[in-house]
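Number of protein chains: 2
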Amino acid sequence: MKDNSSTYDRILLAHGSGGRLTQELIRFLFKPKLSNPVLDAFDDAAEIKNFLKKGERLAFTTDSFVVDPIFFPGGDIGKLAVCGTVNDLAMKGARPVAVAVAVIIEEGFGLDPLKKIVLSFSAAAKEAGIYVAAGDTKVVEKGKADKIFLTTTGIGVIPVGINISGSNAKIGDEVIINGTIGDHGIAVVTARNDFKLKSDVRSDCAPLNGLVSKMLGSGSKVHVLRDPTRGGLATTLNEIADSSAVGIIIDEKAVPVRKEVRSACDILGFDPLYVANEGKLIAVAPHSSASKLLTCMRRHKYGRDSRLIGKVVKSPKGVWIKTTAGGLRRLIMLEGSQLPRIC
Amino acid sequence: MKDNSSTYDRILLAHGSGGRLTQELIRFLFKPKLSNPVLDAFDDAAEIKNFLKKGERLAFTTDSFVVDPIFFPGGDIGKLAVCGTVNDLAMKGARPVAVAVAVIIEEGFGLDPLKKIVLSFSAAAKEAGIYVAAGDTKVVEKGKADKIFLTTTGIGVIPVGINISGSNAKIGDEVIINGTIGDHGIAVVTARNDFKLKSDVRSDCAPLNGLVSKMLGSGSKVHVLRDPTRGGLATTLNEIADSSAVGIIIDEKAVPVRKEVRSACDILGFDPLYVANEGKLIAVAPHSSASKLLTCMRRHKYGRDSRLIGKVVKSPKGVWIKTTAGGLRRLIMLEGSQLPRIC
Numbered sequence: 009m010k011d012n013s014s015t016y017d018r019i020l021l022a023h024g025s026g027g028r029l030t031q032e033l034i035r036f037l038f039k040p041k042l043s044n045p046v047l048d049a050f051d052d053a054a055e056i057k058n059f060l061k062k063g064e065r066l067a068f069t070t071d072s073f074v075v076d077p078i079f080f081p082g083g084d085i086g087k088l089a090v091c092g093t094v095n096d097l098a099m100k101g102a103r104p105v106a107v108a109v110a111v112i113i114e115e116g117f118g119l120d121p122l123k124k125i126v127l128s129f130s131a132a133a134k135e136a137g138i139y140v141a142a143g144d145t146k147v148v149e150k151g152k153a154d155k156i157f158l159t160t161t162g163i164g165v166i167p168v169g170i171n172i173s174g175s176n177a178k179i180g181d182e183v184i185i186n187g188t189i190g191d192h193g194i195a196v197v198t199a200r201n202d203f204k205l206k207s208d209v210r211s212d213c214a215p216l217n218g219l220v221s222k223m224l225g226s227g228s229k230v231h232v233l234r235d236p237t238r239g240g241l242a243t244t245l246n247e248i249a250d251s252s253a254v255g256i257i258i259d260e261k262a263v264p265v266r267k268e269v270r271s272a273c274d275i276l277g278f279d280p281l282y283v284a285n286e287g288k289l290i291a292v293a294p295h296s297s298a299s300k301l302l303t304c305m306r307r308h309k310y311g312r313d314s315r316l317i318g319k320v321v322k323s324p325k326g327v328w329i330k331t332t333a334g335g336l337r338r339l340i341m342l343e344g345s346q347l348p349r350i351c
Numbered sequence: 009m010k011d012n013s014s015t016y017d018r019i020l021l022a023h024g025s026g027g028r029l030t031q032e033l034i035r036f037l038f039k040p041k042l043s044n045p046v047l048d049a050f051d052d053a054a055e056i057k058n059f060l061k062k063g064e065r066l067a068f069t070t071d072s073f074v075v076d077p078i079f080f081p082g083g084d085i086g087k088l089a090v091c092g093t094v095n096d097l098a099m100k101g102a103r104p105v106a107v108a109v110a111v112i113i114e115e116g117f118g119l120d121p122l123k124k125i126v127l128s129f130s131a132a133a134k135e136a137g138i139y140v141a142a143g144d145t146k147v148v149e150k151g152k153a154d155k156i157f158l159t160t161t162g163i164g165v166i167p168v169g170i171n172i173s174g175s176n177a178k179i180g181d182e183v184i185i186n187g188t189i190g191d192h193g194i195a196v197v198t199a200r201n202d203f204k205l206k207s208d209v210r211s212d213c214a215p216l217n218g219l220v221s222k223m224l225g226s227g228s229k230v231h232v233l234r235d236p237t238r239g240g241l242a243t244t245l246n247e248i249a250d251s252s253a254v255g256i257i258i259d260e261k262a263v264p265v266r267k268e269v270r271s272a273c274d275i276l277g278f279d280p281l282y283v284a285n286e287g288k289l290i291a292v293a294p295h296s297s298a299s300k301l302l303t304c305m306r307r308h309k310y311g312r313d314s315r316l317i318g319k320v321v322k323s324p325k326g327v328w329i330k331t332t333a334g335g336l337r338r339l340i341m342l343e344g345s346q347l348p349r350i351c
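Going down the list, the sequences are from chains A and B. For the first sequence, the numbering used here begins at 9 and goes up steadily by one. For the second sequence, the numbering used here begins at 9 and goes up steadily by one.
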């Protein structure tokens, strides 16, 4: 691997040795796509000028990505790793600043798919407006990992006056979602091809910091932001209800689900309410702010299908769904493991 | 796994689902050992009050740990993950503040070894004076990872006036190491038992931030700090020589190597200069500061065997060793992969 034309087409154990081949991997593959002054210092730790002004707080979050397959309609593990971390920062109302990325690669993994992943990582980082400040590469023997795992850790700035948390839902608040649910989970499970299922569903994988910035800049009050990833809408709503010690009632008719997602779920025996999303957020906001917030969200490309889907109530506690038949059914947290390695 | 007495003794895929079992793992295993106000908020991102004063900079570093075996004399993957990250922060002269930890676990991994790892992680974090701000748990199917991989990402504060980098070595500077080399690599390779080798060598795995703080507090000038982990002393010296565009000449007689490490290396055909360390640092400092620095280092428990081992020169460029026979031999970067999965 020299001057971008490689003498190797696969990853060797020596690429993780910390020696010459690790340096080559960095110089010829990672650096050309991710270069910036902070990363390029290549010291043991990156040095970042203080980006926090008086009263601002640091947002800090980490996630490993082990999605299978690593390429799927609408994204891949590189894009997913950026979006997952950027969205976790955005859910605190933070402006994402930088990300550190640690890669664990299985010996024998191709340099071509690795380049593809670095490219899409870099494109997603650019869209989200963040830079890569630090990185690490480890290689394990063939059969000791599954192709490639990424861990991304993000830092961001929580502006003065922003106080968003899962524990801030108030009785009477409205619950909003920015579009259809279950797209990511169904796109990944279809790509996995275990079920010989065909569908045109693409993952909704997207960085939501732009949308959140518009929402918070609109002057509307927002109490809670959460992205319903693993465990889906139902599990995330349960986390909010628990943390805020309230009840949440969702209107089944109002929850947007693509026809193709619904059919795939029917075939697989899944409930879309528990299927993972990677470009969705739940916003809980006071009734007085909800319609202004919806208008603002619908103007953003990742919020066009935003909908009011429910309400925060004093009782019953927990999460409930008003079914299309008119009944009230309890939605518990995800039990067991519906779709392993969805992110 | 309820009230600390588990109904499961192994990790299931569902522990990584984001649903009920993930919550149980957090509540009954991680939280009791790692709890602190920042972590306990359990939002999508941690919120940390600004810890940077005017002129201070943020240090930021990430590393995945895939060491095999996960338990070895002198440490385990939990202690290693903390020390590795703390030391990378310390090598910028930073005071470590907090760490985020992401865990990838193989389905079927025992809860007992997991508890042991969490305990030693927590003990090392305590010694280093840092707290866990954020975490993530993923589980992959049996055979898709090797027991457990950890990724730790650290943040710290670089005080005003501290400017330490691999590119700061100056001609005439002295090169110092804080003790014997190769202990970690030999301890791990012995524990691996592939070579039926017996030795009493323990890993030197230790958080070095306390030692660095004493060094910088002593008023001595320090130009470079680096921890010679993967690739060993020789590779790290090459990185410094490259970044600073200087030569470095090491005196073979002066480099401290334990007798047992030397014998093990002889049997295995390794050169101790390329064997990994996890509690060692290389300091490059002006001649005028070196003896004061050595005195200060020798007073610290992780610096008792500190030694002057070499000098920074204008030429020849690269890294050279004055052999005991009196010759000058070039030390290049580690080629190939001497000891995969050493950290």
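Treat the hints with caution; some may be incorrect.
[Claimed, not checked] Taking beta-carbon pairs under 10 Å as the criterion, some of the chain A residues facing chain B (in silico): (1) K62; (2) M99; (3) V126; (4) S130; (5) A199; (6) F203; (7) F278; (8) P294; (9) H295; (10) S296; (11) S299; (12) K309; (13) D313; (14) L316; (15) L342.
[Unchecked claim] Listed below are the simulated DSS-like cross-link pairs for lysine-lysine, each with C-alpha atoms no more than 27 Å apart in a straight line: (16) B:K39 with B:K178; (17) A:K150 with B:K155; (18) A:K124 with A:K325; (19) B:K62 with A:K57; (20) B:K57 with A:K222; (21) B:K222 with B:K134; (22) B:K39 with A:K62; (23) A:K57 with B:K150; (24) A:K57 with B:K178; (25) A:K62 with B:K150; (26) B:K39 with A:K57; (27) B:K134 with A:K155; (28) A:K150 with B:K150; (29) B:K39 with A:K61; (30) A:K319 with A:K204; (31) A:K39 with B:K150; (32) A:K267 with A:K204; (33) A:K178 with B:K57; (34) B:K150 with A:K325; (35) B:K155 with A:K57; (36) B:K61 with A:K62; (37) A:K61 with A:K39.
[Claimed, not checked] Derived CB-CB ranges, DEER-like: (38) B:G169 with A:R312: 29 to 39 Å; (39) B:D202 with A:K41: 33 to 43 Å; (40) B:Y16 with A:I340: 31 to 41 Å.
Hints in this document: simulated from the structure, not taken from any laboratory. Ideal Cβ positions, reconstructed from N, Cα and C, are used throughout, including at glycine.
Each hint, compared with the structure:
1. K62: With a closest approach of 8 Å, the K62 (chain A) hint holds.
2. M99: Constraint on M99 (chain A) satisfied, holds at 4 Å.
3. V126: At about 16 Å, which exceeds the 10 Å cut-off, the nearest Cβ of chain B leaves the hint on V126 (chain A) violated.
4. S130: 17 Å, violated
5. A199: 17 Å, violated
6. F203: 16 Å, violated
7. F278: 13 Å, violated
8. P294: P294 (chain A) check fails; min Cβ-Cβ to chain B is 19 Å, beyond 10 Å.
9. H295: 23 Å, violated
10. S296: 24 Å, violated
11. S299: At 26 Å from the nearest chain B Cβ, S299 (chain A) fails the 10 Å test, so the hint is violated.
12. K309: Violated, about 22 Å.
13. D313: 22 Å, violated
14. L316: 22 Å, violated
15. L342: 3 Å, holds
16. B:K39 with B:K178: 47 Å, violated
17. A:K150 with B:K155: Status holds; Cα separation ~14 Å.
18. A:K124 with A:K325: Roughly 46 Å between the alpha carbons, so the hint for K124 (chain A) and K325 (chain A) is violated.
19. B:K62 with A:K57: Status holds; Cα separation ~10 Å.
20. B:K57 with A:K222: Holds, because 24 Å separates the two Cα atoms, which is no more than 27 Å.
21. B:K222 with B:K134: 18 Å, holds
22. B:K39 with A:K62: Violated - the C-alpha atoms of K62 (chain A) and K39 (chain B) are around 31 Å apart, more than 27 Å.
23. A:K57 with B:K150: Violated: K57 (chain A) and K150 (chain B) sit about 43 Å apart, past 27 Å.
24. A:K57 with B:K178: Distance ~25 Å between K57 (chain A) and K178 (chain B) Cα, so the pair holds.
25. A:K62 with B:K150: 48 Å, violated
26. B:K39 with A:K57: Violated, at roughly 32 Å.
27. B:K134 with A:K155: Since the Cα atoms of K134 (chain B) and K155 (chain A) sit roughly 35 Å apart, the hinted pair is violated (cutoff 27 Å).
28. A:K150 with B:K150: 14 Å, holds
29. B:K39 with A:K61: 31 Å, violated
30. A:K319 with A:K204: Distance of about 38 Å is beyond 27 Å: violated.
31. A:K39 with B:K150: Since the Cα atoms of K39 (chain A) and K150 (chain B) sit roughly 34 Å apart, the hinted pair is violated (cutoff 27 Å).
32. A:K267 with A:K204: 18 Å, holds
33. A:K178 with B:K57: 25 Å, holds
34. B:K150 with A:K325: 38 Å, violated
35. B:K155 with A:K57: Violated. K155 (chain B) to K57 (chain A) sits at ~38 Å, over the 27 Å cutoff.
36. B:K61 with A:K62: 10 Å, holds
37. A:K61 with A:K39: 30 Å, violated
38. B:G169 with A:R312: 29 to 39 Å: Between G169 (chain B) and R312 (chain A), where Cβ atoms are some 52 Å apart, the hint is violated.
39. B:D202 with A:K41: 33 to 43 Å: At 37 Å between Cβs, range holds.
40. B:Y16 with A:I340: 31 to 41 Å: Roughly 19 Å apart at Cβ, these two residues miss the hinted range, so it is violated.
Of the numbered hints given earlier, the model fails hints 3, 4, 5, 6, 7, 8, 9, 10, 11, 12, 13, 14, 16, 18, 22, 23, 25, 26, 27, 29, 30, 31, 34, 35, 37, 38 and 40; all others are met.
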